[in-house]
Amino acid sequence: MNRLLKHREILLFLAILLVLVLVTMRFPRFAQPGNLLTIFNDTSILMMLALGQMAVILTRSIDLSMASNLALSGMLVAMTNAAFPMVPVPLLIAMAVVIGAGLGAFNGILVWKLDIPPIVVTLGTLTIFRGLVFVASGGAWVNAAQMSPEFIGLQRTVILGLPMLSWIGILVAVLFFILMTRTPLGRAIYAIGVNPTASVYTGINVGRTKFFAFVIAGAVSGLAGFLWVSRYVIASVEVASGYEMSIIAACVIGGVSIAGGIGTVPGVLLGAIFLGVVNNALPVIGVSPFWQMAISGAAILLAVVLNARGERRKGRIILRKAAAA
Amino acid sequence: QDQTRIALVVKSLGNGFFDAAAKGAEEAAAELGNVELIYTGPTAATAEAQIEVVNSLIAQQVDAIAISANDPDALVPVLQRAMQRGIKVLSWDSAVAPEGRQLHLNPSDTNLIGETIIKLAADHLPEGGDVAILSAASTATNQNAWIEAAKAAIPEKFPNINLVAVVYGDDDSVKSTEETRGLISAYPDLDAIIAPTTVGVVSAAQVITDQDLIGQINVTGLALPSEFKQFIDNGASKGVALWNPIDLGYSAVVLAHALVQGAEPGPGVTMSLGRMGQVTLDETSAGPMAVPFTFDSSNIAEFATYF
Amino acid sequence: MTDIPATGRQLPDRLDHPLKSALVSWEGLLVLVAVAIFIMNSFASPYFLNEWSLSDMTFNFTEKALIALAMALLIISGEIDISVAAIIALASTLMGFALQFGAPTPVLVLVGLLTGVACGAFNGFLVTGLKLPSIVVTIGTMSLFRGISYIILGDQSYGGYPRDFAWLGQGYVFWVISFELALFLVCAVIYWVVLHRTNFGRRVFAIGNNDVAAQFSGVRVDRIKFVLFCLTGLMSGVAAVLLTARLGSTRPSIAEGFELEAITMVVLGGVSILGGSGSIVGVVLAALIMGLVTFGLGLLNVPGIVMSIFIGALLIFVIGLPRLFQLLRPRA
Amino acid sequence: MTDPILTLAGISKSFPGVRALHDVSLELYPGQVTALIGENGAGKSTLVKILTGIYQPDEGKITLGGGEITLPTAHSASELGITAIHQETVLFDELTVAENIYLGHTPTNRFGLIDWRRMRAEAQKTLDSMGAGIDGGILLKELGIAKKHLVAVARALSVDAQVVIMDEPTAALSQKEIEDLYVLIELLKQDGKAILFISHKFDEIYRIADRYTVFRDGEMVGKGLIKDTPQGEIVRMMVGRSVDQIFPERSAVIGDVVLEVSGLSHPTEFENISFSVRQGEILGFYGLVGAGRSEVMQAVFGMTRPSSGTMVLEGRPVAPRSPADAVEAGIVYVPEERGKQGVITGEPIVKNVSLPSLGKTSRAGFLRMAEEFALARTYTERLDLRASSLSQNVSTLSGGNQQKVVIAKWLATLPKVIILDEPTKGIDIGSKAAVHDFMAELVAQGLSVIMVSSELPEVMGMSDRIVVMREGHIIDTLENKGLMPETLVRLAAGIADEVAA
Ligand SMILES: Nc1ncnc2c1ncn2[C@@H]1O[C@H](COP(=O)(O)OP(=O)(O)OP(=O)(O)O)[C@@H](O)[C@H]1O
Ligand SMILES: Nc1ncnc2c1ncn2[C@@H]1O[C@H](COP(=O)(O)OP(=O)(O)OP(=O)(O)O)[C@@H](O)[C@H]1O
Ligand SMILES: [Mg+2]
Ligand SMILES: [Mg+2]
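Protein chains in written order, with our numbering: chain A, 100 to 424; chain B, 1478 to 1784; chain C, 2 to 333; chain D, 2 to 502.
Treat the hints with care, since some could be wrong.
Claimed, not checked - Straight line, CA to CA, 20 Å or less: simulated EDC-like cross-link-like pairs of lysine to aspartate or glutamate:
no., chain 1, residue 1, chain 2, residue 2
1, D, Lys482, D, Glu250
2, D, Lys149, D, Asp129
3, D, Lys341, C, Asp223
4, B, Lys1628, C, Asp223
What the hints assert, rightly or not - For each label pair, taking beta carbons as the anchor points, the in silico distance ranges come out as:
no., chain 1, residue 1, chain 2, residue 2, range
5, D, His76, C, Gly155, 58 to 66 Å
6, B, Tyr1783, A, Gly237, 17 to 25 Å
7, D, Ala10, C, His197, 49 to 57 Å
8, B, Ile1515, C, Arg324, 38 to 46 Å
No lab work stands behind these hints, which were simulated from the structure alone.
Every value quoted in this text rests on a predicted model; they were computed, and no experiment measured them.
Ideal Cβ positions, reconstructed from N, Cα and C, are used throughout, including at glycine.
Let the sequences and hints guide you as you build the complete structure.
This is the structure we're talking about:
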């Protein structure tokens, strides 16, 4: 059905292949399966965050607070782990998800009940959540030595050749795919992005749907919080600061329309992987690290221009010969 | 109310290194008596945020500011204004340009640090080999100085060590992790990664641990024992160096107090560092505190309990 | 001309002043908040009520507030610019670059301003020429502009700006009134006049309310939006000059995070993020409030991050307040 | 005589500053069509929204099949079997046709997941039963406006409803599609469904409705059986006075050519468009919906860029690159989509009216509010605008009054040529006559008027000459003397040749 969207995803896929081929021509090691799997593993967190952000952007909202939510959830579980090493890690994961979802619900409630534009709400909670990380931790870091081996080790456990982190990423992606294509909530998320007025007439509660989108984004942020602190074995106030822009960038490159209603799970996955590949490739091909930022900026602009070209309405095409052409 | 108020301004709050320094500063304040210590700093390590902190300290009319600067130049105007308003200013750890402070306390001798970080790697590479440096922000003054010193030391003292790359992890664990990975894929024959930053060295050691490269690539550099102990234990690192941050904070406050008491710093002047001995200032009114100390499997457990 | 038969119906100009009273009450609310914070500050710290303290305080927000003035117009027109801080970085870098060739102060200022305008024009072109959403475009150019600074400067920095240049960021015009503050006040008046008292301002509001209908009404929508992006770029250039002069040095990481603070000022000032409404007085008050909060807490040595909790909460609280009243009223 | 299935009693609804409905009642009978009639802003759509759970009434009682019900959400209304085709098309461009039909009541499998295959099949069944000729699998945005309306109808049918509400369903449909819709309504009646039908077109009301209810200014002023009531009486109830449906006499002297358009083309929308308008003339543009008339007019107005062709205004070539250029030259355009393109909702009447004339009311670029109010008052009072004050927000005006604001805005610029695109679409009979009178005034004052309209009586009653368009081409330009309506319809629909052959 979505011929056009599929087309866009293929384009993105080709772009990723191109980067891989170019880099591999100079550094054969780069394209080895091991390294590719490492890149995928590295990108898993960005991938799930971008999926959460997609759910929010589809509803014509935006969540600028995801990175702060991640930092707060991550800090809280890390502190819990440091203080009570005997608490089992799965319980900590559940705790991270619940905290994240709770913070997301806070955003969602403000958007739903107080009707504050999402960008304002999350601009506010962006600083509030991060401030709370400082308040909770007193500014202190939780470092590797304070974390229990299980806490650090869980996502590194290799199953069938892939680390747990990758498996979690795959699981989240599959859940998102089902959510977005097969559940009434997922379809409602699309519907209110495409046409909010029509959604009201259709019996969709626009506010509540947005609320759930924020809860989903929050839950993902919470999960990512746990994964982040145990991956980089540090929890601090500055964790993932400024990362919200990378999350949005992954969505945009993946073809999510900032105006809502357009975007797919595979597209966003590819968008995140594209960023992951580029970030990994630059240092390898010996491009000065100082070029990284400009290159990712240019990639974002290029993606927007290409997406806009695809999305542009071709007009009505009244003339018969034009329609035939 | 003739208490002496001394502000210890750090690069960013929450950093274990600076928290340890604050401990030493408290110790000095207690020892000197009648000193009120203000431990402060921005949350993000940027010059702009640090300027706001200094502005509010000027407004509070503190007696002295001892700062570890996020930028050697950007803080000069605001610190000059502080000095105009009668506040004594010194920098420690990470320097401010000479016109923005009365003296600077280096944790150690720059050349010595540069040499030490290479030596830490070279000691375990008798045949020589490839090493790479993972630094903090590309703008960090002290790191850059050490790297320059290290580069200068290699040809004479470690001729068979080959420095293949210098990359920057911005004292950010994600960036540091990515850069480490980049180094590993780009330089298959890499033997050691030198990270003269406490954030970078942990990230690098974690990557080596994760990728099962323990024994192939040795991670070394400057690290806080408490944060780094496990990587000495698991073999990802054979040893790291650092000076004692507690001593550094202590010395900074002792010096600040001396300035408030009317000491006149200048090239060639020798000043007391209390229990740490003395420091002699060079032509830019800067001086080293002590030699760097090496931690390895033999002593890390002990020091990890202190800082 | 034949007359249409008079119907006898006379349309009054206005029944009450709904628009005006709404604005007055919003700004009134901000004034109240500002006064409350001022009083709290003076009780909380003995160092607050000192002309030099208050003067120093203004350095913490004038540069961001200058950008917020232009950003307010841009947001009222329904667009946004996230790249302003990156424009500062690029403008500052190019000023430093020019300095290497011995450029005198006027040339440095010109380089800063022109870079700002050029970056703004680039954003404006992408948004109006290629019809791209501004939030995404400027997220992209945010990385691009700062990225160029990194390419030029790498780990280096530019310093050694001339004395008369430094005056722009550190000098005083009169008593405790710094040049930065004076410039901000002048710009605030100019922006107030432009937005509230000229045809241009009226058209900006019309575009923000409905840009399609505005275009169908003969408003040159794209041209005005383009001008607004250029203006925002120009003000970022102005901020770059001031900040560079104040810091006396340039690094690619300069002014990180300024964009969010400028936008926060605009929104806190009562400008609708959806476009179409807002006032300059509100933005100026919001800038003052943010300055007062951060400086007041700074005097108590509260870490900056904790202050930001206050700012964030204030933002949500103030914006949500009218709706909160609405929700509570029917029950009460 | 059957009992009503749905009864509303004592319903009131107020918006801030507007009392939309006051103590109205309404009954709907199974197997019958009840027409709801009233001027613009009489409260018809508001009632629909109350019936579909989108608005909550302030007071009043709704009974369905004997039991009292409440409709807290749109969902609860459709659960109870009340479904509506709303005045604005409320569909989803980026979703498939099938999903548009089933969104909100999608069939699910036993895991609660959406059953796409079943949904597709059932949607297709509904579409085929209507003879819509639409593939349920394509994206809605690929359909034309008329087909979209059919999808909206299919959506209403997909719910097993007892009550079907249609709010001006024929406004955007062509004659053929309207005929199809009538057949459909007939089928629904036979199924015993109660239908509420809202329309401003009396011919269709008399054709399909069994009963009527008339609203005026938010109050119910009459109801009865259509077959017992002459049209004039309903009109009198509606406007509170009698209105003659005769088009105004025109006394304009037709002068020289003012605007000459030749060879105007666009890559995809229209080709080789040539026509001219003279001073004091009304030039009608007739065609089926989608013939491309609006596109041509928007090109003349500078909104879209033609690929070739020239325009000459009063002997001077003009090539407007934007509406601003066109306005400067003296060509203005009253767009078809009032809410989106005509008025700036969110701003008061006065600012809407003065927007294109700011250059005149201001001094050196600085605003002068007094001048703006004077200008706005002059023109809105001439058009008999109904508003409480000039500072009233245009979004709170009814459609007809919004149209008057748009026309006032353009008259204030003292144009030479005024283009009116469907000037009376969705406008009640009273306001319609006012707009027609006003057009006569305009030409009498020496303006040239181009009127795009899909309503045959209007085109024939008002135009001096008529241009007929089909599929982006001008088919013919006719003098409006002794024309037969059939001629125009044939030309517009492209069946003229067949008959001739
Ligand atoms: N959401 C709203 N807020 C304020 N006023 C409203 C709102 N919706 C409708 N109104 C007002 O209520 C009145 C009734 O409007 P409604 O749309 O029901 O009229 P209508 O009979 O459907 O007219 P039309 O024939 O033009 O469609 C009008 O005066 C309108 O301006
Ligand atoms: N496929 C479509 N999708 C969305 N809107 C459409 C579509 N087709 C037509 N419209 C809208 O319906 C209106 C009528 O179409 P258009 O203007 O092209 O035809 P026209 O010949 O001018 O007919 P008329 O002016 O009588 O409606 C336009 O305003 C257009 O925006
Ligand atoms: Mg209606
Ligand atoms: Mg049309």
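What are the numbers of the hints the structure violates, in ascending order? 4
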